Every structure is written in structure tokens, then in C-alpha cells.
Amino acid sequence: MEIFSNNKTYDFMGKRIPFLGLSAILFIASIILLTTKGLNFGIDFAGGTIVQVKYEQKAPIDKIREVLANTEYKGSTITEFGSPEEVVIRVTGSSSALANDIGDEMHKLLDSTGNFNVRRVDMVGPKVGGELREKGLMALGLSLIVILVYVSFRFEWRFAIASILALAHDITIALGAISLFNVEVNLDILAAILTILGYSLNDTIIVFDRVREGIQTSKESILSKITNESVSRTLSRTTLTSLTTFFVVATLFAFGGEIIHGFAFTLLVGIVVGTYSSIFVAASFLVQLKFNIENFRAKEAEKVKKQKEKDKLRAMYEQGTV
Amino acid sequence: MIIFILSLLFGVIFSVPSFLQTDSGKKISLGLDLQGGLHMLLGVKTNEAVTSKIKSIATSIKYFAEDEDILIDGLSIRGESVIFSVLDKDEIPKVDKMLEQIKGLNVSKDGLALKVELTDDEVLRTKDLAVAQAVETIRNRLDQFGLAEPTVIRQGDTDIVVELPGIKTQADEKAARELISKPANLELMAVDEERADQVYSMSKAQAAQYGDIILEDSRNPEIKYLVKEIPILNGSQVIDAKVAFDQSNQAIINFTLNSSGSRIFGEFTGKNVGKRLAIVLDGRVYSAPNIRERIGGGSGQISGGFTTVEAGNVAIALRSGALPASVELLEKRSVGPSLGADSIQASMVALISGFVIVFIFMIVYYRYAGVIANVALITNIFIIIAVMAMFGATLTLPGMAGIVLTIGMAVDANVIISERIRENIRANMSIPKAIEDGYANAMRAILDANITTLLVAVILYAYGTGPIKGFAVTISIGILASMLTAILGTHGMYEAVLSKIQKDKNTKKWFGI
Chain A
943 MEIFSNNKTY DFMGKRIPFL GLSAILFIAS IILLTTKGLN FGIDFAGGTI
993 VQVKYEQKAP IDKIREVLAN TEYKGSTITE FGSPEEVVIR VTGSSSALAN
1043 DIGDEMHKLL DSTGNFNVRR VDMVGPKVGG ELREKGLMAL GLSLIVILVY
1093 VSFRFEWRFA IASILALAHD ITIALGAISL FNVEVNLDIL AAILTILGYS
1143 LNDTIIVFDR VREGIQTSKE SILSKITNES VSRTLSRTTL TSLTTFFVVA
1193 TLFAFGGEII HGFAFTLLVG IVVGTYSSIF VAASFLVQLK FNIENFRAKE
1243 AEKVKKQKEK DKLRAMYEQG TV
Chain B
5 MIIFILSLLF GVIFSVPSFL QTDSGKKISL GLDLQGGLHM LLGVKTNEAV
55 TSKIKSIATS IKYFAEDEDI LIDGLSIRGE SVIFSVLDKD EIPKVDKMLE
105 QIKGLNVSKD GLALKVELTD DEVLRTKDLA VAQAVETIRN RLDQFGLAEP
155 TVIRQGDTDI VVELPGIKTQ ADEKAARELI SKPANLELMA VDEERADQVY
205 SMSKAQAAQY GDIILEDSRN PEIKYLVKEI PILNGSQVID AKVAFDQSNQ
255 AIINFTLNSS GSRIFGEFTG KNVGKRLAIV LDGRVYSAPN IRERIGGGSG
305 QISGGFTTVE AGNVAIALRS GALPASVELL EKRSVGPSLG ADSIQASMVA
355 LISGFVIVFI FMIVYYRYAG VIANVALITN IFIIIAVMAM FGATLTLPGM
405 AGIVLTIGMA VDANVIISER IRENIRANMS IPKAIEDGYA NAMRAILDAN
455 ITTLLVAVIL YAYGTGPIKG FAVTISIGIL ASMLTAILGT HGMYEAVLSK
505 IQKDKNTKKW FGI
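Chains as they are written, first to last, in this note's numbering: chain A, 943 to 1264; chain B, 5 to 517.
The following block holds chain A by itself, in its conformation from the complex (with noise of 0.2 Å):
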């Protein structure tokens, strides 16, 4: 079984203005609707108190709204969680107090509403809110520097700037995706953040690995073509890595439960726009940014002469002729 025919070199780079462009219109979207809209930052970030309740026959939302009017909670909102039966109300501040805290309260309220199970409390304070977004920006901001220096290091600088510059696109369209569903942003949406980068940049590199084994081996001097003929070559690769992981997410998302859907949603989005990116975009900044091949088989060949010159060295010495 075959999805793309091996044989056949599509012809990316030519199309990549409005590739790019319909990138462009999606990152400008994205840009916009986090600017006005917003991430919704749950109480990982955001400080405040969840719980959640599971009655034994439908949850009295209505009534439950009721009772919690005249109280201090009267602010909370309450939504239903995955089945009818259950709720998670969310209040906004949080207590300090380790010997009665806002769970209690809540049982107690909610006492009169019908027979329920609290299944969750999550509370967490305003410092520890604090601390935890501060250290997410650290790790993101961290792994960047990190793979910058690393495809630097094992490529060329214009390569770590394209794979930059593609990552950078995918992760602002997924926090765009989940700003436009106000998916709640909690330590889990970081996790998954942080994996697209992982994926994203997985699939990047292995478009990047060909068209550097490109360079080196074909004795095509057209940046664009050799590239078209790596994408092409790898296209059946990302596709079918795509699909299957894309499967398997899937079914996290379908039947993870309610508690993994945000995870999953935003895996899904970003395995989508990742794919597209290492397909369309990743290589089409590499040209954009008119890498020159003739210097980098210059500079390979040099360090191939070097490489080459210090075994003869080396055999040299062994034989014992210096």
C-alpha cells in the first residue's frame, strides 16, 4: 500500500508564496484573537478553586446557582462536566485556611440540593498561580534557545532560524485554536504546548535532514529544487507519522474523558498544523531566507578535508611514520 507515488517530485517551493501567505492570514488571526480575546486561564495560572460534584440523578444546575447567590460564592460558575449528572462549579478566589476549607463550605451549601459525591477539589493560591506561569514561559522560552543552539550546531544557522520561525507559527495558531474553543489554559495545555514543539520540530528536522543530505549528494546548485525534492521524498513519511499519532489522539480525545479533552484537543490541533508546517512551511522559509548552497558544500567540504587529514594524521602516527 502506497499514499504518494515515490516517483513523482511536487513543486512546493514555486507554490509557496500563497502558502506562506494563507500561514501569514492564520498567524495574524491568531495574534488578533489572543490579543482581544485571550487565553482562559484556569486556577493552575490563574489562582481559584474548583470542585467538582457528581449527583446521583441529574444535576440541579439551577438550583444549585440558587443557593450559592446568597453566599460569598455568588460569583462562581457552574458547568456541566462531561454527563448530565455532574458539575464543576468554579470560584474565583481561594482559602488559605488548611482546617476548613472551600470544599467544606461548598458540601455544606450544597447540602440541600439532592444526594451528590464531591469527586475534586483543586485549589490553588495566588502565589503558587504566580509561580507556576512563570515557570511554564521559563521552559518554553528555554527549549527554543535549546533547539536553536542544537540544529545550529548539527546544521546551519538559517536552518535553526527556518525551524524558529515554523514553530513559532505553529504554537501561536494552537494557543489561537484554543483561545477561539475557550479551552480552560491549565498545566496540562502547557504539556501539550510543549509537545507540539517536540512533534512539530520531529517533523521539521526530518524534511531539514533531507534536504541537508540533499545538498550534499545531488549536484542540483537550486535550493528550491533540491528542496522540493526532499519534501517530496519525505512526504509519505510525515503523513503517515501524522496520521497514525493523529489517530491515537484521537482516541484520547473521543474517550479520555473529561478531564483530558483540553489536552487532547490542543494535541490535535497542533499535530494538524505541524504537519502542514514542516510540509509547506518550514522548507519555504529556508529558501526565503536564500541559504547559499555553494558556501555550505564549501564549508562541508572543508570540514570533510579536515576530518580526512587528521586520519591520515592519525594513521600516520599509528604506523609510527611522524
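If you are wondering where the hints come from, they were derived from the structure by calculation, not from laboratory data.
Computed from a predicted structure; not experimentally measured.
Hints are not guaranteed to be accurate.
Stated by the list, open to error - Straight-line C-alpha distance at most 16 Å; calculated EDC-like pairs for lysine to aspartate or glutamate: (1) B/513 x A/944; (2) B/178 x A/1046; (3) A/1167 x A/1236; (4) B/512 x A/944; (5) B/49 x B/332.
What the hints assert, rightly or not - So these bits of chain A aren't anywhere near chain B, every CB distance computed over 10 Å: (6) 964; (7) 981; (8) 1021; (9) 1032; (10) 1070; (11) 1081; (12) 1093; (13) 1124; (14) 1136; (15) 1196; (16) 1230; (17) 1239; (18) 1240; (19) 1258; (20) 1262.
Using N, Cα and C, we set each Cβ at its ideal position, and we do this for glycine too.
Start from chain A and add chain B according to the hints.
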């Protein structure tokens, strides 16, 4: 190939305890989000420890002066310093010598007036010690409370992580929280009999002028006591506390003091017959009996309308020592056991169906090459579980997601290799060469791709907390395992069946093209 078989064996053997959840052998334990339980991040208010240190220094000065018959005046606490004045100038060297014996003090003098403060180093040390002691105290209390496997660890400068997997109901949870939060600060204080009748008309500031404080009764806050601010004794001198019952069958707590505590207690009661002694727990007066005679032997009791359970908790708290400073709740995550079970079920369904889809897909697409890849994948799963079990890692929900994602990466390595082999076969290479070349070419891409992801995982581990760490650990183990199984494992398998492939020459059957 041999390495691969060994690692498969390793994987299977070490993952058995985790699958069957046997009692013996190293196994993966389930995280709190999967088995239910309570996770809390507590902050220690370390400033309080500094305040109480100051208080204890004031107590020492008082006793020293009494013992040596040095007349001092105006001994009181102002903010974070102790002030007093010595009446006789000639006694100052004696006082100096005594203060020198207490480490970490800054003493400033203005004529006969002295001001004693802690040095900056001492403040830091006191705070640090307070957190260490709070960890110890909380651990002791939870151990005595009888919960299964409580974890209490320090995090950073002032924070403590408490994890209690044994908690099943909200009532249990509340009881545990109450036990932890109880300062259990026992103080024996002298009632200021000279001014006791003015207590209801006095303000706090007025009381402070006499070196007194106003405390409420534990049962009836309307009843107030005027007591000397500097306590006679505190809970650090309690060596045992037990629940007992008085004549009316009320629960009371009998406590025993250590030798220096007994001595101070004996002397104080001897000198103050006829006066009252307030027994103060966490800033409230439980009783204030008249001292009828000198009490030797160093034991006393706290009565105050406790229920038996309350009395039991107070006794535990007194035995395990006072919290040097109160703790506040910074973060709490509690998951009911039923939710945990639901999460396990949901993620298991997702995991298994995800695998099945991938397996079928690989076989349909690559035929025998797909079968080889699947064997590698299964081995990969076993290795991840075995390694996690060896490290005693906990499996959390994000960790499970991590396993799912690693499987995706492992598939990727196999796809890259298979695609390369196919390319070579199309280019009419001989089959052994196609395989060798395929591996050689795929290797570089797989290494670069996996190393970058591994780097990201390491950063996640370093900067992540709790669940994110679990995710990073599974991904890291998974990447290493997948490099092993995909590169070494499948290569070995190809070598083993190479002669068959060569005889057969049916690339459609072997590679799907």
C-alpha cells in the same frame, strides 16, 4: 538482536509486578489523580518562628534574672527585639555573659537599658529550622494518625508538599487537614492576679504596658483572662501526652514534662501558691486552676470539654511537637477514588484502542515490515513500564498521555526506516543492501529528531511541577526505549529473516510494495 531480546525479557519480567499489582517486587504506583487522594502544598509562615524565638529568649532572660537575683525592669517584647533594663549597674557584666551564651544575638546598650535582637544569619537559620521542624512534625502526626503511606517533603525555602493517597472521603480529608494545621502550641502562663479584675475594661495596649496579654476562654470567648505575656513553660518541654477520663467521664489530656520543665514547673508552683495558672493551647485558655501547693513530678492535665476524638488529636499533636509556625494552604488537589477509577478506565480505553488502530494500520500498510515494527512497539511499551517500575515512578494521567505520545514517536522511527528501505528497493538495490542503506540513512534523521525532543523533555522535567514532571519522565524513557527498539531491535529482526526474504523475493509481501 541479542540486546533486543535481552531488553524484551527485561521489559516483560520487570513489568509483571506492575500489571498484576503484586505485593512484592518493584512496581509502578498510581498517581493521586488515578487512585484518589489528597495533594497539598503548604506554606510555613516562618516569620512566626522568629517571633516565638524572640519570646523564648525573653523567657530565658527572665529565669536567668530570677535565678541570679538580678533586678531587671520593663522586660518586654517590641517587634522583633527584647528590651529590658538592669537596675544595678554592677550586674551588667553578668547579664552580658549570660547573653553571650545564647548564640546569634545582637545586643545594644543605652546606659542601663538593653535591646536584644537576632542577627540576620540567626533569623535565616531560625526560618530554615522552622520549615524542617514543621516537616518532621507533620510527618509524625500523619504517621500516628494511621494513614497509609503519607508523603511529606520540603519544597523550596518555605513550602511543604503533603501527599495522602489513603484519603477516601471528604470527612477523612478534613480530619487530616485539621490534624496537620493544629499548631498544638501548649503554654503554661501565670495569671496576673494584681490586675485580674480589670481584664474586661482593659485594652490590648494597656495590657501590654504591664507585660500582659488578654486571652479568651476556649469554651466561652466572653470569659477573658489577663496573663503574663512571657510563658512559664511551653510545649517543647512536653515528653508525653495521653488521653484519660476524669470523674465525670470527660476526656482530658495528661501530659508529662521533661526534667528541666519539671524543675521550672515545681519552682513556679512553689512560689505562687494561691495564684492561678493558665493552661493555654493555641492561644486559648483551657483552664486556669488555683495553685494549691507546689507541684513536683512534672505532670499536668488539660481539661476543657473535649470529645474523645478531639482529645486524641490534641494528644497526638502534643506528642509530635508543636508546629514552630503556622502553616497556610497554598495549593490543594483532592481526587475522590471514584473519579480516579473513571480516569483509569477512560485512559485505558483510549490507550488500547489507539494501539490497536496503529497496529492494524502498520500491518496493512507495510505487511511483514509492519509486523516487525509492531513487535518493536510492544517491546517498547514493556520497557517503558519496566523502567518506570525500576525507578519506582508514579503513573499519572499526563504520564499515560506521555506513553501514548511516545508510541507515536516510536511508530515514527519505524516509518522512517521502512520508507527508506522501500525507496532503496524501488531504486533496484539488492534487498540486503536496501535494508543496510535504509538503516544508515534513517539513523541520522531519527537521532536528530529524538535528541531535540529529549532535550525539550529534560527542560520540562527541570521546570515542571507534579504532573508535568511525570509527563516528561515517561516521554524521556519512551524516547530512549524507542531508539533502542526501533534501531537495534528491528534491525536485528531483519537480519534474522533476511535469508527468507532473499529466497522469497516477494517485496509486496515483505515491504508492502
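To see whether the hints hold, each was checked on the structure:
1. Restraint check for residue 513 of chain B and residue 944 of chain A: the C-alpha separation of about 13 Å stays at or below 16 Å, so the hint holds.
2. Distance restraint check for residue 178 of chain B and residue 1046 of chain A: the Cα-Cα separation of roughly 8 Å lies within the 16 Å cut-off, and the hinted pair is therefore satisfied.
3. Annotation: proposed proximity of residue 1167 of chain A to residue 1236 of chain A holds, straight-line Cα distance about 14 Å (limit 16 Å).
4. Straight-line distance between C-alpha atoms of residue 512 of chain B and residue 944 of chain A comes to about 11 Å, which keeps the hinted pair within the 16 Å bound.
5. In summary, the hint linking residue 49 of chain B to residue 332 of chain B is supported, as the alpha carbons are separated by about 7 Å, within the 16 Å threshold.
6. Under the 10 Å C-beta cut-off, the non-interface status given to residue 964 of chain A relative to chain B holds; the minimum distance is some 26 Å.
7. Even its closest Cβ contact with chain B, about 18 Å, leaves residue 981 of chain A beyond 10 Å, as expected for a residue assigned away from the interface.
8. Against the 10 Å criterion, residue 1021 of chain A stays outside the reach of chain B, whose nearest CB is about 16 Å from its own CB.
9. Every CB of chain B lies more than 10 Å from the CB of residue 1032 of chain A, the least distance being 15 Å, so the non-interface label holds.
10. A beta-carbon of chain B is positioned within 10 Å of the beta-carbon of residue 1070 of chain A; the least distance is around 5 Å.
11. With 10 Å as the threshold on Cβ separation, the claim that residue 1081 of chain A sits away from chain B is violated: the shortest Cβ distance comes to roughly 4 Å.
12. The Cβ of residue 1093 of chain A does not lie farther than 10 Å from every Cβ of chain B; its closest approach is about 7 Å, which violates its non-interface assignment.
13. Non-interface call for residue 1124 of chain A relative to chain B: holds, since the shortest CB-CB distance, roughly 21 Å, exceeds 10 Å.
14. Once the 10 Å rule is applied to beta carbons, residue 1136 of chain A is inconsistent with being away from chain B; the minimum gap is 6 Å.
15. Distance to chain B contradicts residue 1196 of chain A as a non-interface residue, since its nearest Cβ pair spans about 8 Å, not more than 10 Å.
16. Residue placement check: residue 1230 of chain A keeps its beta carbon more than 10 Å from all beta carbons of chain B (closest about 22 Å).
17. Every CB of chain B is more than 10 Å from the CB of residue 1239 of chain A (nearest about 18 Å), matching its label as outside the interface.
18. For residue 1240 of chain A, the condition that its CB be more than 10 Å from all CB atoms of chain B holds, with the nearest at approximately 21 Å.
19. Chain B leaves residue 1258 of chain A outside its interface by the beta-carbon criterion, the shortest separation being 28 Å against a cut-off of 10 Å.
20. Under the 10 Å C-beta cut-off, the non-interface status given to residue 1262 of chain A relative to chain B holds; the minimum distance is some 33 Å.
When held up to the earlier numbered hints, the structure conflicts with 10, 11, 12, 14, 15 and fits the remainder.
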